[in-house]
Amino acid sequence: MLLRRADAVTVIGAALVAKALGCGHRRVAELLGRPVTTVRGWLRRIGRVAARVLAVLAAAAAELGTEFAAPAPATGSTGAVVELVGALARAVARRLGGSCEPWRLAAVISGGRLLAPTGPDLGSGVGVAGNTSRPWAGDP
Numbered sequence: 001m002l003l004r005r006a007d008a009v010t011v012i013g014a015a016l017v018a019k020a021l022g023c024g025h026r027r028v029a030e031l032l033g034r035p036v037t038t039v040r041g042w043l044r045r046i047g048r049v050a051a052r053v054l055a056v057l058a059a060a061a062a063e064l065g066t067e068f069a070a071p072a073p074a075t076g077s078t079g080a081v082v083e084l085v086g087a088l089a090r091a092v093a094r095r096l097g098g099s100c101e102p103w104r105l106a107a108v109i110s111g112g113r114l115l116a117p118t119g120p121d122l123g124s125g126v127g128v129a130g131n132t133s134r135p136w137a138g139d140p
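Numbering (the working numbering), first residue to last: 1 to 140.
FYI, nobody ran anything at the bench for these hints, they're computed from the structure.
Bear in mind that the values here come from a model prediction, so they are computed numbers and not experimental data.
Every residue, glycine too, gets a C-beta built ideally from N, C-alpha and C.
Just so you know, nobody snuck in bad clues.
Here are the computed distance ranges between Cβ atoms for each label pair: (1) MET1 with ALA55: 21 to 27 Å; (2) GLY33 with ASP121: 30 to 36 Å; (3) LEU122 with LEU96: 20 to 26 Å; (4) GLY65 with ASP121: 19 to 25 Å; (5) ARG95 with ASP121: 21 to 27 Å; (6) GLU30 with GLY76: 16 to 22 Å; (7) GLY47 with ASP121: 15 to 21 Å; (8) ARG48 with LEU21: 16 to 22 Å; (9) GLY65 with SER99: 16 to 22 Å; (10) GLU30 with GLY86: 20 to 26 Å; (11) GLY98 with ARG48: 32 to 38 Å.
Kindly generate the complete structure, drawing on both the sequences and the hints.
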């Protein structure tokens, strides 16, 4: 779950993926069976906080040693977030074995603030910034 959101992060993540693929908010709302105003709010918010989200996700990626290519400018801010969430999930799955649900991981890393009014705290999340513990399996 995300703070102040009634829908699961996996539903919101599906909306962000659809937006990154070129769907508008009305089509996304139709696909997910959610109110148009709700979906429009999610998509507007990620546009406003994408830079902070990307900074927090990139810090987690760096801590994991994840290599990823920066998204092409044409993908837009939502596409960049979607791409980085996917890269992180693949890296965690490789590191820990098995699979990792990308949007749940994003919720944990962002401290539940993926769509907060100012975005996630730059020091929030698991193993990011001020946290000195080593939460990833296999770390020395």
